[in-house]
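Chains as they are written, first to last, in the numbering used here: chain A, 312 to 707; chain B, 312 to 707; chain C, 115 to 387; chain D, 6 to 284; chain E, 6 to 284.
These are calculated hints, taken from the structure and not from any lab test. Beta carbons are placed, not taken as given, at the ideal position from N, Cα and C, and that holds for glycine. There's no promise every hint is true.
Just the calculated beta-carbon pair ranges, DEER-fashion [unchecked claim]:
(1) Ala504(A) <-> Lys626(B): 50 to 58 Å
(2) Gln280(E) <-> Tyr471(A): 17 to 25 Å
(3) Lys597(B) <-> Glu576(A): 36 to 44 Å
(4) Asn412(A) <-> Thr136(E): 33 to 41 Å
(5) Asp52(E) <-> Leu60(D): 55 to 63 Å
(6) Lys523(A) <-> Gly684(B): 58 to 66 Å
(7) Pro34(D) <-> Thr136(E): 45 to 53 Å
Cross-link-like lysine-lysine pairs, in silico, DSS-like; alpha carbons within 25 Å at most [what the hints assert, rightly or not]:
(8) Lys326(A) <-> Lys127(E)
(9) Lys129(D) <-> Lys209(D)
(10) Lys127(E) <-> Lys407(A)
(11) Lys326(B) <-> Lys340(B)
(12) Lys468(A) <-> Lys216(E)
(13) Lys76(E) <-> Lys326(B)
(14) Lys407(A) <-> Lys129(E)
(15) Lys448(A) <-> Lys209(E)
(16) Lys129(E) <-> Lys327(A)
(17) Lys431(A) <-> Lys127(E)
(18) Lys407(B) <-> Lys206(D)
(19) Lys129(D) <-> Lys327(B)
(20) Lys326(B) <-> Lys77(E)
(21) Lys326(A) <-> Lys129(D)
(22) Lys129(D) <-> Lys209(E)
(23) Lys209(D) <-> Lys431(B)
(24) Lys416(A) <-> Lys448(A)
(25) Lys573(A) <-> Lys597(A)
(26) Lys77(E) <-> Lys129(D)
(27) Lys206(D) <-> Lys448(B)
(28) Lys127(E) <-> Lys129(D)
(29) Lys326(B) <-> Lys129(D)
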Amino acid sequence: MPKVTVENLSKVFGKKEEQALKLANEGKKKSEILERTGATVGVNNASFSVEQGEIFVIMGLSGSGKSTLVRLLNRLIEPSQGNIFIDGKNVSKMGKEDLRNVRRKEMSMVFQNFGLFPQKTILENTEYGLEIQGMAKAERRERAEKALDNAGLLAYKDQYPSQLSGGMQQRVGLARALANDPEILLMDEAFSALDPLIRREMQDELLDMQEKMNKTIIFITHDLNEALRIGNHIALMKDGEIMQIGTGEEILTNPANDYVEKFVEDVDRSRVLTAENIMDRPTTLKIGKDGPNVALRRMEQEGLSNMLVIDDSRKLYGYVTDSDTARAVKNHEKNFDNILRTDIPTVQKDTLINDIFEVIHDASTPVAVVEDGKLVGIIVRSLVLGALAKDSEVSL
Amino acid sequence: MPKVTVENLSKVFGKKEEQALKLANEGKKKSEILERTGATVGVNNASFSVEQGEIFVIMGLSGSGKSTLVRLLNRLIEPSQGNIFIDGKNVSKMGKEDLRNVRRKEMSMVFQNFGLFPQKTILENTEYGLEIQGMAKAERRERAEKALDNAGLLAYKDQYPSQLSGGMQQRVGLARALANDPEILLMDEAFSALDPLIRREMQDELLDMQEKMNKTIIFITHDLNEALRIGNHIALMKDGEIMQIGTGEEILTNPANDYVEKFVEDVDRSRVLTAENIMDRPTTLKIGKDGPNVALRRMEQEGLSNMLVIDDSRKLYGYVTDSDTARAVKNHEKNFDNILRTDIPTVQKDTLINDIFEVIHDASTPVAVVEDGKLVGIIVRSLVLGALAKDSEVSL
Amino acid sequence: SSDDASKEDTVGKGEEIELSYVAWDTEIASTNVIGKVLEDLGYDVELTQLDNAIMWEAVATGEADGMVAAWLPGTHGAQFERYGDQMVDLGPNLEGAKIGLVVPTYMEDVNSIEDLTDEAGQTITGIEPGAGVVAASERTVEEYPNLEGWNVQTSSSGAMTTTLGQAYENEEEIVVTGWSPHWKFETYDLKYLEDPNGTFGEAETINTMVREGLEEEMPEAYQVLDQFEWSVEDMESIMLDIQEGTDPEDAAEAWIEANPEKVAEWTEGVTAE
Amino acid sequence: MDFLDNIPKLPVAENIENFMDWITDVLEPIFDFVQSFSEIVMEGLTDLLLLVPPLLFIVLIAAICFFASGKKFGLAAFSIVGLFYVQNQGLWDDLMSTITLVIVSSLVSVIIGVPLGILMAKSKWANTIVTPILDFMQTMPAFVYLIPAVAFFGIGMVPGVFASVIFALPPTVRFTNLGIRQVSEELVEAADSFGSTGSQKLFKVELPLAKSTIMAGINQTVMLALSMVVIASMIGAPGLGSQVLSSLQRAQVGTGFVSGLALVILAIIIDRLTQKFTK
Amino acid sequence: MDFLDNIPKLPVAENIENFMDWITDVLEPIFDFVQSFSEIVMEGLTDLLLLVPPLLFIVLIAAICFFASGKKFGLAAFSIVGLFYVQNQGLWDDLMSTITLVIVSSLVSVIIGVPLGILMAKSKWANTIVTPILDFMQTMPAFVYLIPAVAFFGIGMVPGVFASVIFALPPTVRFTNLGIRQVSEELVEAADSFGSTGSQKLFKVELPLAKSTIMAGINQTVMLALSMVVIASMIGAPGLGSQVLSSLQRAQVGTGFVSGLALVILAIIIDRLTQKFTK
Ligand SMILES: Nc1ncnc2c1ncn2[C@@H]1O[C@H](COP(=O)(O)OP(=O)(O)OP(=O)(O)O)[C@@H](O)[C@H]1O
Ligand SMILES: Nc1ncnc2c1ncn2[C@@H]1O[C@H](COP(=O)(O)OP(=O)(O)OP(=O)(O)O)[C@@H](O)[C@H]1O
Ligand SMILES: [Mg+2]
Ligand SMILES: [Mg+2]
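Extracted from the complex, chain A is given alone in its bound form (with noise of 0.2 Å):
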């Protein structure tokens, strides 16, 4: 069962809200809807539905709802329609007991100006959350240390907020929101205020985080590199409605349509594509089955200058040449052992391309992609140029 799932879900400001909705749902567009209704569709009919464990990405330009959706998602917005599952609940139909529960034990929010209390010390905001859980003193200072520890900023406990830097700050809002050890976490343009360098670092914080407590993240941001970088899937919306959603690789080789593929265009692909998308079937050898005999022939044949051994399992045992074959094989010998060359270089399948300039620049082989030790494809100099190209489709 996905962590959270959202059907139909729609949101409209503005009075004649009914008539608006219905007009959304006739299929009217924004613009027209406003017109017609004076009312504004902040988030028109979006439905997904993100698994536990997993970063979920909303982008999309300024005013396209994204603000709106991860709003109703708590229910700081009440929806104008549709329903919101977290664990199968439905959380849009909840009384305001059990949404209080909800917001207390199961998610968290971390906000774009940070939205800590100015005058509170970093301690006190950080225990804010249990302490309105009613959680006594000691316990919730011991949790919210231990929060702060985490986050590297238990010296400053008792600082105010003003008193430190904008990504320190952010780092405080993220502590508060992870004390009360919510099983989701709601991300409004967190990064977003931060300057270039401390906001990498806080993106690589985030990654590091999510591997060692696997939460689910929603994470809004407008930066298009920000969201491949730390997202596992991504909706790109566009006045209310979600657009496409697919991993960073599907929306930038696949863009379901002009805006999509405009949106995504000035983006740095080889941080984007990893080996799996660009790598080739590769034309191997078996060892143990296949001998030098069976190798020169095939080299011939396909135009290969060398070719990768392997044994049943796919295990990559090396390479041979095509001259290193035909020696042996006029030495009739029987297997590739003393010819097997070993010095290939290897990349993991999600290594990105980025990653594979070194490798492939230094290699005068084709580059084996593998995963678990077992080859699965193989990384020629024409095929990452070739990815690279901006009107290239990536099969997938």
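Dock chains B, C, D and E with the ligands against chain A, hints included.
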């Protein structure tokens, strides 16, 4: 003579200006000076010059002194020390009247949050600079309308700024600055407040404009990609000091120190490096001078399967392959007329690597790099990949 | 002055009595004197300065026990009409008070209201709107044919005396609503205009008013207040003292010391022995 | 504290008294001129207002309210009912006098206050000097300067205006100062960067942008001028204030309330209207 | 306008008068109790203040000023000179009475005003009802309710406090309302997002954040209470006000000014101190 020259420019904010300045000149750091005197060093001993017609970008994180530096140029902030020359005239020593004239005629400024007067229409905003010079209504109206027309905003001239989108407002800001027909444009984070999509458009417009009008532009940003995209030269600031000045390539490939290196780490090099940066010196055949025999010998010597053919003035004619040449030698042909192939891919010296991907991917030969039709280098695949590898040092 | 033990033996027995007054010179003088007399009898006297109307309201509602500042029938006519039946009128404590139109003596040609033609910009400078003198002046303007076109300019007592002072200094013509006793007659040479039609009424008296029930609760104090009666000259001597800077309480004390026989008349029948 | 009690009383009162006498003497011609002139203007204004028939006046005000509030009926309806009430209670003439008093006081305050506010915004020095004077003007009880006002300007509307201006001036000065200081730095820089002179900047950029803050100050000034109406009537300014005062003298709570209510109605109409024009 | 003149005068004054009589009768026991009780408290407070020797009092106030203004001397010096002046002019007892009046009026205003302001911020409905009442309270001249104040609470400090509270209450209400509405949406959302209940949000987030705005309103309330001191003295509240009033009656500019100046000094010290505590 450079258009703008800045010598040892410093600005200290606060009471103990003298003392702080002395410390700064002794090489003390900003934080130390703040601690010892309570004064903030805004800009510390900056020197640089900007040529007519170039886009000079100033980069750095928040608080590094970018805005202070650019405001010193038109003395919105009075310098604590140093000289600013515009066309050889020392702005820092000017009287009020002269300074006003420089501001009216020589340089205009474009602001991050647009700086449009909310109570004036778009047209009135654009007229403002001319109005205060006392220009007659009819004339200034005409010039303002022309500036708006160039910006594609004439239709909106009677609207108020708040009725326009951010991108349109910034175009008005630009039109207003250009209406004065200044020699120099100062742009302080002029595009930072814009959407990613609109931002890219504005950058394109700026580059177009630059080509047409040949203004000198000093542009502040903290977005490295933007800096690399539009800057002829880039100055990188930290704590009021200029860490490094150079072209985008220089900064990327020869960072002056760790800070600069860290700053540029994340950049998409394929959008900065050009053919010139990565090309090899080609081995060539001279038409009219070399024949197939020479060609074949040299190909064998250097292990090449093809060679480019040029004339005395290095004009590129095409290329010959080793097999073709061997056949021509066999047929005792004296020149390349029968074997010269002309389907050779070429790129310009300043083509971005990002745009070379496609060309080189499809090509079976090396790619020729030309400048004014003359051959200046060749590019093979491994060169492209090598340049993108992180720790490579590209020779310039 | 005396301690509690000795107070027990006195007439007043330290009982609290509250007299209210309006901050006119006459009332400051009289209230301080009678207050001092009661205090000497052992009462715990509290003098409360109030606005004119509030003074009446206070006695009417029993908030204050009494006051010696009711100018009747003219000046406080309206208030008496409103509150008169809610309090006890102990009769005049001073006779020979007067209200009327007043001019400086240097306006030699004007001696009667009937002599007025177009002096002083045809304006009578009055005090608070709603005050008795003002109402009387307004009646006067209506009843005297020669005052057609005149108007009564209301202001306040302070403003009126200031204007008078200024005009006097410059020997300008001025007609004000006047009442006496008042220190202005000491400071400037002024005269009342004759009032042949009697629109200002005959002589005014200043009456003593006490709250209902005072007679039963504090018969001695009631009696003293009832017997309190003095002359214009007595009052003016204190007023002059105060005007010259003496503290009102001290002035009252000094006067009491100097006039034991008058005080004895007031306290007759209530003194301890 | 014997020690403190032993210090002789400083002759503050006497010195003030002498100073006032002196200044009254010295400036008499000026005061006289100002008084006669202003008296004529203000009486003329009141007469003019009285020339307008009440019904027409009510309709006009209602129309202004209607359009100023963006064609909403609320304020217009309120002003019709309110003004009809004033007319019905026989307070129309008093209302007109009060309007004159308030208009003139506000106008004088604005004419003095706005330039003073600009000066304060531009000069730290002026700021340091004027601020405590403003504090003094607002906290010294009006009752204290009623007498000097009479000494300077006699009895009537003129000293009423004088007293009102003293009390009502500070907000205009303060908000003008604030409004100009609040103009966004970027816009001031923009004006400078095009080479504006000081006065170009002031008139073309700063004042237009500070307008709504300045108007808020003027609104406060008008409100304070209104609140001085009763006190002004103590020195002879005619109008609703003197009705209130006379009801107090006669202890007629009802009548006082009737006039007071007329003042409240006037205040609310003026307040809402100036607020509408501020936006 | 004959038409308007023909409408008979509505009996507003009479009805008010009857209503006041009725309410005075009905609520008499309550009023009496409040009066006696408050009288005792306030007289006690004044006596307490008078127990402190002036010199000690001056030193204490100066010390508070010194520390409140971050160890700067300006305000402390001002308060020493100012209070010494008051003592020297023989106005010490009056000053203490005035302080009692102002403290009690302000306290009552705060106790009523802050909850009312919170209510207005939270309920549109309360906002709609209370706003015009506040307008009424501020613009109805105090002179109108002096007589009812006496009818309710007799003479003395208690009706003085009543009149002061009516006039001085609105800023506390308005600024509390404003302060709570101004709390940044993000912080309210943050509080909500952690599942705060309404009262947790109010006490842990909104009130602390609105504090400085609320304090600014309270500062205004104190200032307005001070400005009512003279009028309160018309209904028997002792203090500096009654000095001012009697000077006015006797046209003594100097004496009036001396007492007025004492009020100004008190106002400035209180104003600066509350402003310091606001930050
Ligand atoms: N409280 C509101 N009342 C009315 N309209 C609203 C409200 N909140 C948001 N909207 C409208 O809903 C739409 C979506 O707004 P939203 O804030 O969700 O955009 P966003 O994608 O978060 O933009 P940004 O990147 O600027 O934060 C916008 O058109 C906005 O004007
Ligand atoms: N008016 C001023 N008074 C005092 N210090 C100032 C002033 N203006 C700038 N500074 C200080 O000078 C330094 C440089 O500021 P500046 O505004 O030039 O930075 P910046 O590079 O433009 O930053 P940003 O990217 O945030 O705009 C900062 O430390 C800042 O605090
Ligand atoms: Mg948002
Ligand atoms: Mg800047």
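Verification of the supplied hints:
no.	hint	in the structure
1	Ala504(A) <-> Lys626(B): 50 to 58 Å	holds, 55 Å
2	Gln280(E) <-> Tyr471(A): 17 to 25 Å	holds, 22 Å
3	Lys597(B) <-> Glu576(A): 36 to 44 Å	holds, 43 Å
4	Asn412(A) <-> Thr136(E): 33 to 41 Å	holds, 37 Å
5	Asp52(E) <-> Leu60(D): 55 to 63 Å	holds, 60 Å
6	Lys523(A) <-> Gly684(B): 58 to 66 Å	holds, 59 Å
7	Pro34(D) <-> Thr136(E): 45 to 53 Å	holds, 49 Å
8	Lys326(A) <-> Lys127(E)	holds, 21 Å
9	Lys129(D) <-> Lys209(D)	holds, 22 Å
10	Lys127(E) <-> Lys407(A)	holds, 18 Å
11	Lys326(B) <-> Lys340(B)	holds, 18 Å
12	Lys468(A) <-> Lys216(E)	holds, 23 Å
13	Lys76(E) <-> Lys326(B)	holds, 20 Å
14	Lys407(A) <-> Lys129(E)	holds, 21 Å
15	Lys448(A) <-> Lys209(E)	holds, 15 Å
16	Lys129(E) <-> Lys327(A)	holds, 20 Å
17	Lys431(A) <-> Lys127(E)	holds, 23 Å
18	Lys407(B) <-> Lys206(D)	holds, 15 Å
19	Lys129(D) <-> Lys327(B)	holds, 20 Å
20	Lys326(B) <-> Lys77(E)	holds, 19 Å
21	Lys326(A) <-> Lys129(D)	violated, 50 Å
22	Lys129(D) <-> Lys209(E)	violated, 40 Å
23	Lys209(D) <-> Lys431(B)	holds, 10 Å
24	Lys416(A) <-> Lys448(A)	holds, 18 Å
25	Lys573(A) <-> Lys597(A)	violated, 46 Å
26	Lys77(E) <-> Lys129(D)	holds, 20 Å
27	Lys206(D) <-> Lys448(B)	holds, 19 Å
28	Lys127(E) <-> Lys129(D)	violated, 41 Å
29	Lys326(B) <-> Lys129(D)	holds, 16 Å
When each numbered hint is compared with the structure, violations occur for hints 21, 22, 25, 28.
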